[in-house]
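Residues per chain, in single letters:
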Amino acid sequence: MAVDPARQLERSARLMELLARTALADQSAFEQLYRMTSSHLYGVAMRILRESAAAEEVLQESFVNVWHHAGSYVAARSQPLTWLTSVVRNRCLDRLRRRDVDTVNIDDEEHAMAIADRSPMPLELLLSGAEANAVRRCVETLDAGPKQAIALAFYQGLSHSELARHLKEPLGTVKSWVRRGLERLKACLDGAGVHR
Amino acid sequence: MNYRTPERADALAAQYVLGTMPARARARFARLARSDGVLADAIRAWEDRLSPLGQSVPPIEPPGRVWTAILARIDRGRVASAAERRTVWASVSLWRGLALAGFATAIALVLVLLSPPLEAPEARLVVVLAGQDAKPALIASAGRSGRLLTIKAVTPLSPGADRSLQLWALPATGNPRSLGLVPASGIAQIALPVAAGSALENIPALAVSLEPRGGSPTGLPTGPVLYSGPVQRLY
Numbered sequence: 002m003a004v005d006p007a008r009q010l011e012r013s014a015r016l017m018e019l020l021a022r023t024a025l026a027d028q029s030a031f032e033q034l035y036r037m038t039s040s041h042l043y044g045v046a047m048r049i050l051r052e053s054a055a056a057e058e059v060l061q062e063s064f065v066n067v068w069h070h071a072g073s074y075v076a077a078r079s080q081p082l083t084w085l086t087s088v089v090r091n092r093c094l095d096r097l098r099r100r101d102v103d104t105v106n107i108d109d110e111e112h113a114m115a116i117a118d119r120s121p122m123p124l125e126l127l128l129s130g131a132e133a134n135a136v137r138r139c140v141e142t143l144d145a146g147p148k149q150a151i152a153l154a155f156y157q158g159l160s161h162s163e164l165a166r167h168l169k170e171p172l173g174t175v176k177s178w179v180r181r182g183l184e185r186l187k188a189c190l191d192g193a194g195v196h197r
Numbered sequence: 005m006n007y008r009t010p011e012r013a014d015a016l017a018a019q020y021v022l023g024t025m026p027a028r029a030r031a032r033f034a035r036l037a038r039s040d041g042v043l044a045d046a047i048r049a050w051e052d053r054l055s056p057l058g059q060s061v062p063p064i065e066p067p068g069r070v071w072t073a074i075l076a077r078i079d080r081g082r083v084a085s086a087a088e089r090r091t092v093w094a095s096v097s098l099w100r101g102l103a104l105a106g107f108a109t110a111i112a113l114v115l116v117l118l119s120p121p122l123e124a125p126e127a128r129l130v131v132v133l134a135g136q137d138a139k140p141a142l143i144a145s146a147g148r149s150g151r152l153l154t155i156k157a158v159t160p161l162s163p164g165a166d167r168s169l170q171l172w173a174l175p176a177t178g179n180p181r182s183l184g185l186v187p188a189s190g191i192a193q194i195a196l197p198v199a200a201g202s203a204l205e206n207i208p209a210l211a212v213s214l215e216p217r218g219g220s221p222t223g224l225p226t227g228p229v230l231y232s233g234p235v236q237r238l239y
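Here the protein sequences line up with chains A and B, keeping their order. Here the numbering used here is used: the first residue of the first sequence is 2, the next is one more, and so on. Here the numbering used here is used: the first residue of the second sequence is 5, the next is one more, and so on.
To be clear, the hints were calculated from the coordinates, so they are not data collected in a lab. Only a predicted model underlies this, so the values are computations on that prediction, with no experimental measurement involved. Each residue gets a CB set at the ideal place from its N, CA and C atoms; glycine is no exception. Do not take every clue at face value.
Stated by the list, open to error - Derived CB-CB ranges, DEER-like: (1) A:ALA14 to B:ARG181: 13 to 21 Å; (2) B:ALA199 to A:SER73: 30 to 38 Å; (3) A:LEU10 to B:LEU36: 21 to 29 Å; (4) B:PRO187 to A:ALA14: 36 to 44 Å; (5) A:ALA14 to B:SER39: 26 to 34 Å; (6) B:ARG167 to A:GLU52: 29 to 37 Å; (7) B:ALA176 to A:ARG8: 17 to 25 Å.
Said to hold, decoys possible - Some chain B residues near chain A, calculated using beta-carbon distances under 8 Å: (8) SER55; (9) PRO63; (10) GLY68; (11) ILE78; (12) ASP137; (13) ALA176; (14) GLY178; (15) ARG181; (16) LEU185; (17) ILE191.
Build the full structure now, drawing on both the sequences and the hints.
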């Protein structure tokens, strides 16, 4: 996916402005914010929740939350789309994890099984997502196991135990893959000056 | 769980952001991060690191009912919480008003151009502030290099005895900035800290809100916007 940095910067500035106005209860700015970001955010929610009713609900809750708490977004600290995506991802993950507690393992099994026939695969996404920037170099330094575990966790919201079941590896192995993978990513990204 | 060492806090933040933390640990960590700046910073840093990966997720257009539901929920909240306390930004009509003000501006330009020049024609900034009915109510103008913003009402203003009208600069980003109060007579000269061309640079529009007597106590608009208009740069 080619991302033009200048256009991205312009889009970020626009989103920041819309968030600032949303914080002041400007409803038309809020609507533009929704128009500019909802399909990306809905895609993220669908990817993790794999169920349109749940994804719609999360999108709705997230934007109602943004309306009330846009003031807590601090422009200097993170990119607006990062912030918005985090709001949506966190709600998706909270919902998934709650489901883990509430339901028996059969659901987990189905969850893990369902991943196999979905496309594009998390691993492809991981690499194409990283394509446009230095993140790719860092992702590529990861070993196959950690790379796959992180892709499945990030794009599908799989927990440690779901990862273990899906990858058919012991829980301890998967946990250490994730931990080591993240450590490695951090060292690489921070070292490359990608992270601010 | 021990969150106290920076390494541990960072590793947990990474797991939290990636999403692999089990439900109970996740809820507890989120709760702690709300009151712990170090954890909150670690989470934010991981969100920054991992977010480029999210760009490749194929976008999906959500059904129209999602926006309808969002709108219904925020409207209900607003009516319940503050029927009258609309902020300057609350009205969609502000921006609709700005669009309609295009017509009003044309009239103002004619007025400005027809008025006999006192000196050599000068680059000017002109703002026609119109109400929601798009009828011009005030004209604000200043020479580009002048430091006085002249306000003239073209309709009678009646803010009420215990109210004031306050003029605001609406920047492209960030909060509105007060330019001063507009007297009930509707005629005023407002001193600008620097030349108008600079003072109103990056200010796409001005607005007048209805405030408690003496002006907004918060430094931001608290009452409804009565008039607004785009800043026209005649140079």
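Hints versus structure:
In this structure, ALA14 of chain A and ARG181 of chain B meet the distance hint of 13 to 21 Å, their C-beta atoms being roughly 19 Å apart. The hinted window of 30 to 38 Å between ALA199 of chain B and SER73 of chain A holds, with their beta carbons roughly 37 Å apart. Under the hint 21 to 29 Å, the C-beta atoms of LEU10 of chain A and LEU36 of chain B, about 34 Å apart, miss the expected range. At roughly 37 Å, the beta carbons of PRO187 of chain B and ALA14 of chain A sit within the given window of 36 to 44 Å.
Checked against the given bound of 26 to 34 Å, the beta carbons of ALA14 of chain A and SER39 of chain B, roughly 32 Å apart, stay inside it. For the hinted restraint 29 to 37 Å between ARG167 of chain B and GLU52 of chain A, the CB-CB distance of approximately 52 Å leaves it violated. Taking 17 to 25 Å as the suggested C-beta distance range, the pair ALA176 of chain B and ARG8 of chain A conforms, at roughly 18 Å. Against a cut-off of 8 Å between C-beta atoms, the interface hint on SER55 of chain B holds, since the closest Cβ of chain A lies about 4 Å away.
For PRO63 of chain B, the interface hint holds, since its Cβ comes within 8 Å of a Cβ in chain A; the closest pair sits about 4 Å apart. Nearest Cβ of chain A to the Cβ of GLY68 of chain B: about 10 Å, over the 8 Å cut. The hint is violated. Evaluation of the ILE78 of chain B hint against chain A yields a held restraint, the C-beta minimum of about 5 Å falling below 8 Å. At a threshold of 8 Å, the smallest CB-CB gap from ASP137 of chain B to chain A is about 18 Å, leaving the interface hint violated.
Satisfaction of the interface hint for ALA176 of chain B is found here, the shortest Cβ-Cβ separation to chain A being roughly 6 Å, below the 8 Å cut-off. At about 6 Å, the closest approach between the beta carbon of GLY178 of chain B and any beta carbon in chain A falls short of 8 Å, and the interface hint on this residue holds. Violation of the interface hint for ARG181 of chain B is found here, the shortest Cβ-Cβ separation to chain A being roughly 13 Å, above the 8 Å cut-off. Look at LEU185 of chain B: its Cβ only gets to about 21 Å from chain A, farther than 8 Å, so that hint breaks.
With a cut of 8 Å, the hint placing ILE191 of chain B at the interface with chain A is violated, because the nearest CB-to-CB distance is about 30 Å.
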